[in-house]
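2 protein chains.
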Amino acid sequence: MTERRRRGPRRALTEEAILDAALELLDEGGADAASIRTIAARVGVAPNAVYTYFPSKAAVLRAVVERILGDIEHDVAADRARPWRERVESLALHVRERVLAHPAALPLMVGGPLDGRNALALHEQLLDLMGDAGLPPSDAARAAYLLVVYLFGAMALNVAQVPEPGPLPPEAERVAARRRRFAAVPTESFPRTAAAADTIATYVTSEQFLWGLRRVLDGISALAAHTATDGSPA
Amino acid sequence: MTERRRRGPRRALTEEAILDAALELLDEGGADAASIRTIAARVGVAPNAVYTYFPSKAAVLRAVVERILGDIEHDVAADRARPWRERVESLALHVRERVLAHPAALPLMVGGPLDGRNALALHEQLLDLMGDAGLPPSDAARAAYLLVVYLFGAMALNVAQVPEPGPLPPEAERVAARRRRFAAVPTESFPRTAAAADTIATYVTSEQFLWGLRRVLDGISALAAHTATDGSPA
DNA sequence: ACCTGAACACCGTTCAAGT
DNA sequence: ACCTGAACACCGTTCAAGT
Chain V
0 MTERRRRGPR
10 RALTEEAILD
20 AALELLDEGG
30 ADAASIRTIA
40 ARVGVAPNAV
50 YTYFPSKAAV
60 LRAVVERILG
70 DIEHDVAADR
80 ARPWRERVES
90 LALHVRERVL
100 AHPAALPLMV
110 GGPLDGRNAL
120 ALHEQLLDLM
130 GDAGLPPSDA
140 ARAAYLLVVY
150 LFGAMALNVA
160 QVPEPGPLPP
170 EAERVAARRR
180 RFAAVPTESF
190 PRTAAAADTI
200 ATYVTSEQFL
210 WGLRRVLDGI
220 SALAAHTATD
230 GSPA
Chain H
0 MTERRRRGPR
10 RALTEEAILD
20 AALELLDEGG
30 ADAASIRTIA
40 ARVGVAPNAV
50 YTYFPSKAAV
60 LRAVVERILG
70 DIEHDVAADR
80 ARPWRERVES
90 LALHVRERVL
100 AHPAALPLMV
110 GGPLDGRNAL
120 ALHEQLLDLM
130 GDAGLPPSDA
140 ARAAYLLVVY
150 LFGAMALNVA
160 QVPEPGPLPP
170 EAERVAARRR
180 RFAAVPTESF
190 PRTAAAADTI
200 ATYVTSEQFL
210 WGLRRVLDGI
220 SALAAHTATD
230 GSPA
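Sequences listed follow chains V and H, in order. Quick note on numbering: the first sequence equals residues 0 to 233 in numbering that gives the first Met the number 0. Quick note on numbering: the second sequence equals residues 0 to 233 in numbering that gives the first Met the number 0.
Treat the hints with care, as some may be off.
Claimed, not checked - Label pairs and their computed distance ranges (CB to CB):
(1) H:Glu72 <-> V:Ala80: 43 to 53 Å
(2) H:Ser34 <-> V:Gly29: 34 to 44 Å
(3) V:Asp31 <-> H:Pro164: 19 to 29 Å
For the record, the hints were derived by calculation from the structure and aren't laboratory data. Beta carbons: idealized from backbone N, C-alpha and C, even for Gly.
From just these sequences and the hints, can you work out the full model?
As structure tokens, this is what we get:
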């Protein structure tokens, strides 16, 4: 483990440095801005040098996703004294906050397997929480996946409404943009949509995110209650 | 409206023909296979001829998404005699069947605004159903969006598990592939995930899709019941 | 082992030109 | 109005070569 380094100009690079550059470019300019060539340029190296550390661009992007999911703190839902629903809500809001900090990464997350170590750690935690909810193992797994679908689906659609690359504008601004857009929906073709335009504008808020999550948790709660009534093992 | 056409070799192309070619290529070889150049080649034309009909590649892909959503039949959920939950389930399964026929299109759907005419028509129908469920307008809109998030989130994550382009393999094959993958999850790091591997393998099935949908509908039902008890207007 | 220069086979898009 | 040839400014990736 003696880790010799830096004798001469070699080892100009690290995997870390490459991922930092990739994530920065992704955050600043969106998916198109994070090419192998721009990443290499940012770390001051020839494009093909990246291939010493990663086998392909896809591998770099997978590692970026893992890096982002690694920012999720696992203790927000760890306190077993709190009710499981509160813990799920805290975790969900925390995940949302961390992930939406990198809008351009969402298509990568819902476009690939989500089976890296940190993705598995999140799944493990959700499984744990669903166990605490009183669900038997196989229902707990199904419910955990339902939560994954809801979380990543909601985040992806949220981000998908913003066309320009770069950090997400403030919530109020995104709602205002949607309000303008849906004011133009023709009443004769889509009467209900047009009538509900004001509510539709708020689809991108954290309030709607939490509202949807609570309906999902209500559905899971009902299952847990039914299981308990049935007399199945906790 | 006299629409003169075809005098000489001009009008070799149609928007329809371009979209057909684009969708075929998308279905056969995935997103990378559907380049402006391959699309043009398939319809027998120079690459830049496509720009006579669409302003950009992004516009072509948006139109492809709309074309797929146009395959959704609106009468599967129209029969008001049936209970609203059954109608939502029918619609959801129908949408899933139609959309999963084009796996490569899902990243396009969850990566963009979903505000085309056919997307709006689907939203309108969900709004209608949520009204029939007894929800007041603003809750109906929130619930409709929850369903959109669930539907497209579930479909996107479903497709994201299959790395090779082309049509989705049969369900049994996809489950088997997942079983092999999750058999390799280390028990010491992810005990619950490893223990639930057999259930996790079934995340990609239509059964799990329906299971999750039913939990969501349970959550929405609870809200409707509460609203009714409250004495709010139907 | 790590990095470079040069090249290959692609992209999306634009522009001037032809009918 | 519709299409072509040619070009521009990019891609990801590979390969031989240098240290």
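So, going through the hints one by one against the coordinates:
no. : hint                             : in the structure
1   : H:Glu72 <-> V:Ala80: 43 to 53 Å  : holds (51 Å)
2   : H:Ser34 <-> V:Gly29: 34 to 44 Å  : violated (20 Å)
3   : V:Asp31 <-> H:Pro164: 19 to 29 Å : holds (21 Å)
Consistency note: the structure conflicts with earlier hint 2 alone.
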